[in-house]
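*Asks:* Those protein sequences? They're chains G and Z, same order as listed.
First residue of the first sequence: 12, per this note's numbering; consecutive thereafter.
First residue of the second sequence: 465, per this note's numbering; consecutive thereafter.
Take these hints with a grain of salt, some might be off.
[Unchecked claim] No farther apart than 27 Å at their CA atoms in a straight line, the calculated lysine-lysine pairs in the BS3-like style are these: (1) LYS53(G) x LYS508(Z); (2) LYS473(Z) x LYS53(G); (3) LYS114(G) x LYS508(Z); (4) LYS53(G) x LYS478(Z).
No lab work stands behind these hints: they were computed from the structure.
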Amino acid sequence: AQSVTQLDSHVSVSEGTPVLLRCNYSSSYSPSLFWYVQHPNKGLQLLLKYTSAATLVKGINGFEAEFKKSETSFHLTKPSAHMSDAAEYFCVVSGVLSGGYNKLIFGAGTRLAVHP
Amino acid sequence: NAGVTQTPKFRILKIGQSMTLQCTQDMNHNYMYWYRQDPGMGLKLIYYSVGAGITDKGEVPNGYNVSRSTTEDFPLRLELAAPSQTSVYFCASSRIAGETNEQFFGPGTRLTVL
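So that you can see chain Z by itself, here it is in the shape it has in the complex (with noise of 0.2 Å):
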């Protein structure tokens, strides 16, 4: 099994335009995650989603939307990219809720907007 994949590793962004962060993970895994992480903070849960066609906000959902067609697949958007989203970006899955439940994380996407 792959796990949870990611793509691209990198980008760089001119401030104003647009790309979509791909998510795939081959565990069939209902809920799924998208965290930023800035430089000496953890982890912020921008949205998740705990099945196909549903999708809600986390902490810091501004300037980002996302999708969930299918149960492999959770991309990220961003529309007007600003040096603010400047991160890396990580996409995480599970298999059902509760808190005993282990997330797994893709290698990450680095994003730099200028």
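Just chain G, with the same shape it has in the complex (with noise of 0.2 Å):
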């Protein structure tokens, strides 16, 4: 069964300053993972999805994913934060319905907070 941790739950930040989102995952077979991202009062938004190609992964607005499956990580980052990235974001781990169908499996979230 696939499950997904996210270390922290809540990470604040200067502006300007590098941001480190930690994730963990557990999966029985080469998962895909996903980070998305939610503002406040908004849905969801993909900013990266790993499937097995690259394992350093490139999203929008800077941030960027790499998968290590020595240490079953994909540890979000992006060099230097913006106000507007201010959000909660989640980790997310691609299993499998019965029947065969996409399921995805949530981690609880980490908030970050940016400040001035």
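Relying on the hints, combine the two individually framed chains into one complex.
*Replies:* Here it is as structure tokens:
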């Protein structure tokens, strides 16, 4: 069975400093992994996804994540935080429902605060 | 394209009332999903559909019903609202099944049951 753990419920950074949001996953096979972002009172938006191609994945708004199989990690990073990055971030692993259909398994989320 | 739209945005219900949350997508996606998001938690799958006329239960289906009469629409029905159903509800859709496929989310419906 697949599962995902986000190691920090809250992260606070200053504008212009690096961002690191940590995610570990568990899967019995090579998974697909996603990061979604949710701005206040908005729906979820896909930031990036890993699908067994390049292990370093680049997403929108300057975010990237590296798939490390040996560490079962998929941490999200950004070199320089912007005020508009303040949001909730979800690490997601793709599993399979009965019948073979796509299922997303969500982490509990990390709330990123960015201070001036 | 509007993507995935949901109505209403907010709703307050009394215990025992019923309501339908509407979800429509204009991307011609076969697969649609309903999730609920409780405070401090990730999303939990309520029901999903793989095409018109076909629905199945997710992780937390109790207290809900769905139907899928068209490709575009996937309404979620609460028959007897309970305080435990206070949550934010998200509808999503995807083009195909498979692990690499991206799901597209609506803006959510915030429901409070008092």
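*Asks:* With the threshold set at 27 Å, check whether the alpha-carbon distance from LYS114(G) to LYS508(Z) stays at or below it.
*Replies:* holds (10 Å)
*Asks:* Between the alpha carbons of LYS53(G) and LYS508(Z), is the straight-line distance 27 Å or under?
*Replies:* Satisfied, since the Cα-Cα distance of roughly 17 Å is no more than 27 Å.
*Asks:* For the pair we were handed, LYS473(Z) and LYS53(G), check the Cα-Cα distance against 27 Å.
*Replies:* holds (10 Å)
*Asks:* Could you grab the alpha-carbon distance between LYS53(G) and LYS478(Z) and see if it respects the 27 Å cut-off?
*Replies:* holds (25 Å)
Consistency with the previously given hints is maintained throughout, with no hint failing.
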